[in-house]
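Number of protein chains: 4
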Amino acid sequence: MAQYDLVVRNGTLATASDVFRADIGVLAGRIATIGAKLSAGRREINAEGHIVTPGGVDSHCHIEQRSSMGVMTADDFFTATRSAACGGTTTVIPFAAQYRGMSLRQVVKDYHACAGAKASVDYAFHLIISDPTDQVTGQELPALIKDGYTSFKIYMTYDALKLDDRQILEVLSVARRERALVMVHAENHDVIAWLSEGLLAAGHTAPRFHGMAHAPIAEREATSRAISLAELVDVPILIVHVSAREAMEQIRLAKAGGLKVYGETCPQYLFLTADDLDRPGFEGAKYMCSPPPRDKANQEVIWQGLVSGVFDVFSSDHAGYRYNDPEGKMKHGRNAPFKKVANGVPGLEVRTALLFAEGVGKGRIELPQFVALTATNAAKLYGLYPRKGTLAVGSDADLAIWDPDKEITITQSTLHDAMDYTPYEGKTIKGWPVTTLMRGETVAEGGEFIGAPGKGRFLKCDISPATVPLGRRTIAFDPETGSIEAAKQAEDSH
Amino acid sequence: MAQYDLVVRNGTLATASDVFRADIGVLAGRIATIGAKLSAGRREINAEGHIVTPGGVDSHCHIEQRSSMGVMTADDFFTATRSAACGGTTTVIPFAAQYRGMSLRQVVKDYHACAGAKASVDYAFHLIISDPTDQVTGQELPALIKDGYTSFKIYMTYDALKLDDRQILEVLSVARRERALVMVHAENHDVIAWLSEGLLAAGHTAPRFHGMAHAPIAEREATSRAISLAELVDVPILIVHVSAREAMEQIRLAKAGGLKVYGETCPQYLFLTADDLDRPGFEGAKYMCSPPPRDKANQEVIWQGLVSGVFDVFSSDHAGYRYNDPEGKMKHGRNAPFKKVANGVPGLEVRTALLFAEGVGKGRIELPQFVALTATNAAKLYGLYPRKGTLAVGSDADLAIWDPDKEITITQSTLHDAMDYTPYEGKTIKGWPVTTLMRGETVAEGGEFIGAPGKGRFLKCDISPATVPLGRRTIAFDPETGSIEAAKQAEDSH
Amino acid sequence: MAQYDLVVRNGTLATASDVFRADIGVLAGRIATIGAKLSAGRREINAEGHIVTPGGVDSHCHIEQRSSMGVMTADDFFTATRSAACGGTTTVIPFAAQYRGMSLRQVVKDYHACAGAKASVDYAFHLIISDPTDQVTGQELPALIKDGYTSFKIYMTYDALKLDDRQILEVLSVARRERALVMVHAENHDVIAWLSEGLLAAGHTAPRFHGMAHAPIAEREATSRAISLAELVDVPILIVHVSAREAMEQIRLAKAGGLKVYGETCPQYLFLTADDLDRPGFEGAKYMCSPPPRDKANQEVIWQGLVSGVFDVFSSDHAGYRYNDPEGKMKHGRNAPFKKVANGVPGLEVRTALLFAEGVGKGRIELPQFVALTATNAAKLYGLYPRKGTLAVGSDADLAIWDPDKEITITQSTLHDAMDYTPYEGKTIKGWPVTTLMRGETVAEGGEFIGAPGKGRFLKCDISPATVPLGRRTIAFDPETGSIEAAKQAEDSH
Amino acid sequence: MAQYDLVVRNGTLATASDVFRADIGVLAGRIATIGAKLSAGRREINAEGHIVTPGGVDSHCHIEQRSSMGVMTADDFFTATRSAACGGTTTVIPFAAQYRGMSLRQVVKDYHACAGAKASVDYAFHLIISDPTDQVTGQELPALIKDGYTSFKIYMTYDALKLDDRQILEVLSVARRERALVMVHAENHDVIAWLSEGLLAAGHTAPRFHGMAHAPIAEREATSRAISLAELVDVPILIVHVSAREAMEQIRLAKAGGLKVYGETCPQYLFLTADDLDRPGFEGAKYMCSPPPRDKANQEVIWQGLVSGVFDVFSSDHAGYRYNDPEGKMKHGRNAPFKKVANGVPGLEVRTALLFAEGVGKGRIELPQFVALTATNAAKLYGLYPRKGTLAVGSDADLAIWDPDKEITITQSTLHDAMDYTPYEGKTIKGWPVTTLMRGETVAEGGEFIGAPGKGRFLKCDISPATVPLGRRTIAFDPETGSIEAAKQAEDSH
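Chains as they are written, first to last, in this note's numbering: chain P, 18 to 511; chain W, 18 to 511; chain U, 18 to 511; chain H, 18 to 511.
Be careful, since some hints might not be right.
A pair counts as met if it fits within one copy or between any two copies, since identical chains are not told apart.
As the list claims (entries may be wrong) - Computed cross-link-like contacts, SDA-like style, restricted to lysine to any residue with a CA-CA straight-line distance of at most 20 Å:
#1 Lys-179 with Gly-378
#2 Lys-313 with Pro-486
#3 Lys-126 with Arg-47
#4 Lys-313 with Arg-489
#5 Lys-379 with Pro-486
#6 Lys-356 with Arg-183
Just so you know, these hints were derived from the structure itself, not from any lab. Values in this document were obtained by computation on a predicted structure and should not be read as measured data.
When you get a sec, could you build the whole thing from the sequences and use the hints?
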């Protein structure tokens, strides 16, 4: 066997099931060997006392994307991926976002144009579908799926993005036929609009009213509806950024009923609360995202869901808008009413470390579950496994090397995104990914980015094995084939 | 005391709580006395061996109403109320149905014009709201409520009638402010449309496919959504004609959670099944209604819900269209695809007797619950109590006198509506209301109608005590007042 | 018709379903007529402005009964029934309590000996079964049931009383065969014993530790188990004095599943809390009962269960032991460890008024539900209906006449039991039964008892209609007949 | 690096999270390296086209154990472990079973005496505790835990073994204090006894009545109770051999509520049904085990629980008694009444292959879940990980090498236990572990056992990480310390 390009020596390796001490031998950017006392590599990293996990896969982040209100995210593909790398994340899956009237194919081209020269870690794209015309569902989507864009995101709210139930059914049908995974932003649009108008009419314009407008019941209702529609079509779905216990319970029930409904939550629902939206002055705007952080008791419920397997994926929903920037949060004016404030919080860099410290460090979860939530499950769900998301022979040598004892006080000045604030400013955590390797090359070390723009490669996603339908129709009619199954079968499905 | 106009002697009286033997003395159309051995009346009815219940209140029936597809019901106010009287029902609450663009006030006038000269039993009106403009919600509804129209019905499906969630929120808000009761037809429109189009495209046009198009999941989803919206607004609602176990469970859960969600079911969900829709030829059309009858196992679940209190009201949803009539079921052609068949089944005359025979007679429920379901609860919920719906001193002397041993084989030729079929043809039941009295006058006896058109009076409904909100907001914001309640309270509402 | 012995004139009558103004004419102790403007009676009571309900039926009270620790209740049949009468209650159902080794027949005789000359209101007996020998289950019980003792109470805790699961199955089987209603005190004995010993060993002897020893989980577990055993035998049961939300939810679930499981709660779970057990000094002993009052939030849950129909019966569980009496709470010494303090609180006199004020007066329930919970349902469940529990022609003229506006501050000195304290001391309530009539005779008026010992009559209970089994076996084997039913049926029961 | 003792080349490796192609290099009985193209080993196995999983861990099997009715299992440590090895299982955890009056330490010694010379695969012991005297709980158990016996099994049924609730609480308390894992056989003893006696009294003695006597409700009740007791003590438990949907739902609910309740199921609940107990003649005896196989629909529910994570462990509950053996099933006579038939079915050899074929092969689960259920989870739960249960560097080289395409028709003559029947006779499955390696040595190959008695080593179990209590008391009292926590905390635990 050829000499290893790199040996990571003496680390404690953690996968989604195992924790054990071993060396990792890397050849040509891939993991060639996992073993004890490997022969010397051209390069060596001593991971003694450190934990080696797969590089993080952040499957929900908004990069160089213009919001539905026309505000561009602070981060472009360079700053976003630089920040990711410094936080131990080596794969990002941002969105190629269609607005109405656009060709999806063109949208994808546009995002590639942004990403190609700038991305410093590997990336794939989810497709946001806001205009499921026959052209889109009948031709563009099937072709794009073949080209490696195998997951869609749809919205149940936002004027510019929302699909009605019929459109959702059409998209779900395509997903079923073509085996794509549909991600759903589940909030009831009309509820939010009704509450928002009421609040604004009563003069309640401050950031904290954003939290009230996005009531938990809006999230519960939409989650329940999305699940019903997916059950009808018999297609798996993934509910993104679940914030409220009521919505979480819908997912738990669906899973208990045997449905393939996956759940995602994010750091903001474990570490921020509605009180943050009520900080003095306009500061609450920094914590505004949709759905919003809920109350303290709700945090514990979300933790409990994470621990007990309601959530499959822990991603950042990174969507950064600078606070002191006329093109950022403030674009529509200082003290703009909450509906005019750009929505979203950053999180690409601190996502994994927050969960490491508060999840693993505090004994809520074990290392394998941490790895599953931050890397493996996303890679599997989105068709990037086993290339990404694990430590296995043949996988890309994407590694995060953690010093479990390193204490960090999070502060924006040490982060690597393009933001001017972090919602976690001042929070002290224990455990940090001190070295990040992408395909065997060090891209971050000791808090410094040492990768380069353009080094990240586009990843074609495979059809996800998670997208196999149950074959359990709640109706005796198969809309795909037009056939009427024996009534018996439909009855069995109760 | 003056001599009674009428004494009903020696009957076994049944109210929503009690069963006991007594005479009833009637004066001026009202119950003056309930007692043993009352003095002689000008007129006497011997009810020995018979059961005397309050006259039925059928709070869900379509009379002289044009369907959303433009087909007029077979029954006008005369035949409908004649049929009601012969089945022991002395109060009907049909609909004044607004179509888009109409003034509600004018709609009400039009229905009064139909009813006034023809109704042979007393009647009130629910208002169907399909066009909740500011004019309607801001002015017409408050005024109509004051005039005695205190209940609304809204639709979540049908192109011509459906409201979107925002419109539902507006109507619920009016209902909360003005204390009206909102009835909801809960089926997800888009689901039904998607399934229908799929079925028709595949050539599945027969009546039984109507049942598939109206999938239980469509009913469950809309029921869940309606409850969420009502919970948000904090206003009681009533889900009408619940057919599917899945929808029923949503109501049960809402009740268990302390919400004021009322439920209604109908004979067609206890006595018909999906198999009836699949009868040979086009015969299935006779059993088409929305939501449709479900399978046999589902019948038992609905019975169980009725017994255990999930359902508060048992009404007919009478909506008759003749089978062999070019203006009836067939208006859009013999063998028309199911979407073109007029939807609805008759039931005004047999509603109470079916429940008496199969509920009381077979030991599933006791007499008081029978009375509650067929008369008292509806009278209370819709503001007609204590004038209607019970046997109490001062109440209208509306009585149904039952021979519990009389066996009847239901057949259309003996019924008194304008239909040419009954879905219960050939069914033998035990127990029949052999005499019906309205305000002390006999309107039906021995299977013969002996009332007269125009004798029925319009009933102004009071504000229903059922419409008091819980005062338990799921949000800290009160859209009514614009005030922000203490966050604590909102938290308490979990 | 003969002249009425009594006419109660112009009251607002309330039954379990109705509220209306009428006079009541009484002849020979029974209600002869309910009507407007009745002819003059030999005696007249003006109830103008007052509410007339059926006299209360308190179906759970301990009178002249020695506790399992050997302490005699403060009240004998005279003081207890005097107190009942003054609180508007005209029927009591105390217990004839078997201890191990006793003949049930003899026990019944003994209690009759106590009651006969002293009872001032009518009474029946439940049988406490602590020793279900073959003699008891095979001979005594069937004979006693025929003699009008149609309900049993069994205990899942207390050393001297508890049955094991096998004994419970035997008692339930008798109840099924003979159609008796089994009341269950549902707390897990071993859990309480284990906690108690642990608490006492750690020196935690004060009254408040009684509350901890009787953990909600002990109540939940036993409730769940009792329901399972009853489901197995296919026999209705009634869970008495439900205190904890967890136990309540078991009953709700059982009802939702179609089981005939009835629930009872008591004033102490609506109006007292665990904090009362922690009052200074030894005062907490006054509030000790089993199960104990829970926390404030739990009170609201129990209210919600009462409103929504989880509870069928609201009784006092009156079990009074004087506080300053060497034979009362203190029998085992001042500051005795909690296991040695006599357990129970009084409530016969204030039960109905507390619910009237806080339930009806504060809008939580309507008058009919108040009547159902305090009188009608118990009368029906225990086979005393229609003689007791309602206002119907032919029923005993047992009436409570309420002044809904009368404000009372509860204080022991104005109560009529033999106690030296009331747990509700100082509580001000609005609404009081100013006159109580038993079989047409006034037994209390204006706060004074004007009945007489010995006037109360023993009531033979009928077989309760509530005791009809579901006929829904969870097993295919019928232990009664030894027959194996078709497997199909057992499967259907899922 | 030294030359590998063995290289397993080109296999598809499967762990509880990953599937990838690699070679495995073994040194001194342990996995030294996992990698591509490893250097040549002293010995080589070509696993091309095969799947390499960790050797199975069967954590529930009865070996050389006398049943509570005094029948000795057919298998001794040699035949049992030979059979295990031939089925790809390299670790077994049978029981050291205490009967009342025995010293646990002596029991352990006795079982070691049996196992030492005969075991051909590695083994640990669970301790069956039937007599939790102070000596046992206070001294023997703590000492035995230190010696590597870190899991207990307790019974809620069987005259000779059952603990009452108080004893269960004592055992759970020890487990909490000493961090042991308690396995619970959860069936309600009295229910089974009552049903059994009824059945036998009615002459229903055949094997199928065993299934009726062990009603699902007995399993549900005991499962619910065990969970309540564990929740009270705040200690994790594992419910073994869950057979009925009703019991499974209790575990699902407990998990959803955040409790640490683990579940185990077995092949007999996926592949046998109650119909098997009803086979002609006395043949049903072959399928008798406790709890018994349920109906067909129940199988699907158990599958669903397995897929969705209700079950953590899939073990055999191997307890073989020969059919045609006067010391086996028949010990108490041909056609003995069901209570006298030795209870149990064999399964050590076919356990993993059945799940492989029907789970992985039929697409119900993926390979990683198969590995987790058959090896990894048990190793982790019982403190054998990472030595056993996975493919990781440093782990014992216990491997099962599967030919996924090999079709086998199960027949007793090819199995390696001491039985004379298999309940799966004639079942054809696809996929078989063609080679089994224990610590790098081949112990089975091509259907032949090539290991040797005495080669198996005793494994001391570590304290399982799964045994950390939640620290969430449902009571404010800590029986361990005697301290009263702030009431607040107890309230939070709702």
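A quick look at each hint next to the structure:
1. Lys-179 with Gly-378: neither (39 Å within a copy, 40 Å between copies)
2. Lys-313 with Pro-486: neither (37 Å within a copy, 23 Å between copies)
3. Lys-126 with Arg-47: neither (29 Å within a copy, 51 Å between copies)
4. Lys-313 with Arg-489: between (39 Å within a copy, 18 Å between copies)
5. Lys-379 with Pro-486: between (37 Å within a copy, 14 Å between copies)
6. Lys-356 with Arg-183: Between copies, since 18 Å is at most 20 Å while 27 Å is not.
Of the numbered hints stated above, those contradicted by the structure are hints 1, 2, 3, listed in ascending order.
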